[in-house]
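Asker: Please work from the sequences and hints to get the whole structure.
So the sequences go chain by chain: A and B.
In terms of this note's numbering, the first sequence opens at residue 747 and continues consecutively.
In terms of this note's numbering, the second sequence opens at residue 8 and continues consecutively.
Hints listed in this document are in silico derivations from the structure and should not be mistaken for laboratory results.
Be aware that a few hints might be false.
The calculated lysine-lysine pairs, modelled on BS3-like cross-linking and capped at a C-alpha distance of 25 angstroms, are [to be verified]:
#: 1; chain 1: A; residue 1: Lys938; chain 2: B; residue 2: Lys96
#: 2; chain 1: A; residue 1: Lys1096; chain 2: B; residue 2: Lys84
#: 3; chain 1: B; residue 1: Lys96; chain 2: A; residue 2: Lys1086
#: 4; chain 1: B; residue 1: Lys82; chain 2: A; residue 2: Lys1086
#: 5; chain 1: B; residue 1: Lys299; chain 2: B; residue 2: Lys326
#: 6; chain 1: B; residue 1: Lys84; chain 2: A; residue 2: Lys1086
#: 7; chain 1: B; residue 1: Lys82; chain 2: A; residue 2: Lys1238
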Amino acid sequence: MSTAHAEHDHHGAPSGLSRWLFTTNHKDIGTLYLWFSFAMLLIGGSFAMVIRLELLQPGMQWVDPNFFNSMTTMHGLIMVFGAIMPAFVGLANWLVPMMIGAPDMALPRMNNWSFWILPFAGTMLLGTMFMEGGGPNFGWTFYAPLSTTFAPASTDFFIFAVHMLGFSSIMGSINIIATIMNMRAPGMTLMKMPLFVWTWLITAFLLIAVMPVLAGAVTMMLTDRNFGTSFFNAAGGGDPVLFQHVFWFFGHPEVYIMILPAFGVVSQIIPTFARKRLFGYSSMVYATASIAFLSFIVWAHHMFTVGMPVAGELFFMYATVLIAVPTGVKVFNWVATMWKGSMTFELPMKWALAFVILFTIGGFSGLMLGIAPVDFQYHDTYFVVAHFHYVLVTGALFSIIAAVYYWLPKWTGHMYSESLGNWHFWTSVVFVNITFFPQHFLGLAGMPRRIPDYNAAFADFNFMSSIGAFGFGLSQLLFLALIIKCIKGGEKATDQVWEGAEGLEWEIPSPAPYHTFAEAPEVK
Amino acid sequence: MSVRKLKQAAMMLFSSVLAMTSSHAWADKVLNLTEGVTEVSRNAYQMHMIVLWICVAIGVVVFGAMIYSMFAHRKSKGAVAATFHESHKVEVLWTVIPFIILIALAIPATKDLLLLEDASSADVTVKVTGYQWKWQYEYMDGDAEGVKFFSVLDKASNEARALNSGVDVSKVDNYLLDVDKALVIPTGKKVRFLITSNDVIHSWWVPDFGFKKDAIPGYINESWTRVEDEGTYRGQCTELCGKDHGFMPVVVVAKEEGDYKKWAAEKKAEAEAEAAAAASTKDWSKAELMAKGEAVYGSSCAACHQANGEGTGPFPPLKGSALAIGPAAGHIDIVVNGSKTNPLMAAYGAQLNDLDLAAVITYERNSWGNEASIVQPKDIKAAR
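Answerer: Rendered as structure tokens:
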């Protein structure tokens, strides 16, 4: 390598806006993803506040039902596609190269593009709310024909936004797979990779498998709406249930796309603070792979009530409850990692432990929902809402927050404010349970989901849930303050940051230099 | 937030804290699934309790071990980390035990599911059709054969649920859970439901019966129930079906066979009288049409075009609209055949008889300051 070239390789970060627009650096792109998802979290969260405000008391006080439906729809879409998924891609960008000893992602220019599609897609999606006829109002699952024949005109923009989000995800996944398969440091065999890398590798394959299915679903919607086809229109010989099959063939793996990287994060954090190696590393890998496989053959458990043949219902019930086995293995392994460890409870560990307990509660209600004859009662009630918020908020989101606390000192070079962090943790944990636990009771008592108003019998728990939601929403502003404070300054972080931390990312300086592992490290 | 609302909210917070601290109030709260009134709902309840207790037991063991470890194995207590990181024996054990538990769960679940889906040899069959946003019931056989009616949210709830209606909804009886005409079924008989939809997907659910089933355009789904006790059973639509998804309750009244027969006979007589009236060629007075039209408007049109005729969101106003004060032919066409450009406007020719249509069109043409011609049933007949 020539001298000039070497110098070129070691420049620092360029300054100004063009740094962020044109960057091909995995750390910059990771940062962009993370800020984007945080912004979306706050926007999607504010929609949730509107929903909970209307549901604070029985009777219609604040918004009309059509706008309420827009809010539930946009809240779901923004949180899934804008907040959770990009946050995990952001973590992958920052961490995968540093964990496997690679200088950057395999396809840096594509990396830039995969990110910069997102703000445009997100803006278009949010922009639908200002269009004539209002934004999408058919739920994040956009079942036909409500989303085709009966949908507002803005739906075509929603479809385009979903296409763009899909492109971004697919490119991101290709990049992650290419990086992991080709750019590992010498000695970093597959079975030595940190579990976060493993879970992302499997997640990336899931994304490549199902995002095109989603693209297919919305394309069929597009032609049904505009070009006279009748894929989902019964009057034209089409089949509304086909939409649900296609959607959930994407949708169920999608759920695991949002939780497998979370498993990875937690599997990094618990061993560090238990000062003990992860229990059952290889069974963790196999369990992740089994969950990924099973995710393709359980989709119709979202559709027990559509009138499938009973043999189909039985198959999907059996396959669904099977998922409890590998998921159980993971939870048992985390507990066994803690067992006879030497634990301390810094904030990343607090969040990770909250994840293990609360995600498991979401897993329990998932098992209950999998039992088809009772699902005929639970289906489309607040019990389901409680279930998926336990796995997505106290599951996926909590793991993302845990990850931010864990790696923030590595990213910024500063320790975060412990007291602010403790406030953030305890308010979040208390309020999130006040929000979502009563929703189990509401569902069991018979309250359907996606309704803007309810009988007074449901009033007390809704009131509680709304108060919890406001508290949880406000708590996240503490998180924002903490991050900004930590970027600006704070106690200097050591290279290893945490006493028990092991792995390549803890061997480089804090903050991580703009370029790392220009020369591959040797992994023993 | 206005001061009044803040005050209201504070009062609610206070009263719910009170309610929660008094154990008596707790007993009144519904915290669990209903046992319901059918074999299917009792099965679901039992299965629910079994899975719930299994989850609680697993939770106690797992969280117990975890919390014990969090206290016993902490560095501040001088715990030194052990070095083990695998054990084939335990790993096999905690894979096999859950598997066995799942098989034990799957056996009763399979049995329950087979019963739930067996709608064969029914005594009475009722067709249930979902519309935006009401249910239509049609008796296919038995004593009430041919009886067919719409079931919409009751008037009191419908008025109270308007945005800022000022009505204290806790004082409205069965708020959002009552309809104008309930479905009536005989007790002790196997009633089969054929469930379908006219527009988008809905879902028909009565928690006490233990099942819900989607109403899907182009499909006829099957389900059944056998209710042992007389009573009124309430539920709601459970699949998002558009603006008024939250406002299309399901109410079923189970009557002992003699009462059911009496009800069926009354209904049939009523239907005959109505059909005769609709078929008569007499000219109705404006007052008669307006009175009838107001009722039809309330149940069929007001959800979108609003009681004040001003419309909302994507639903256009009728007050002062060119169509409503223009020539009657255009007005009749859009109501009878639906809108060609906007699928949200359904074809009411299929839902209402000539008299109802004439009445409601007359009402729309002569309310809220609109002044236009009246329409007679024979005009509708000619336009069909």
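Asker: Please name the hints from earlier in the document that this structure breaks, with their numbers sorted from lowest to highest.
Answerer: none
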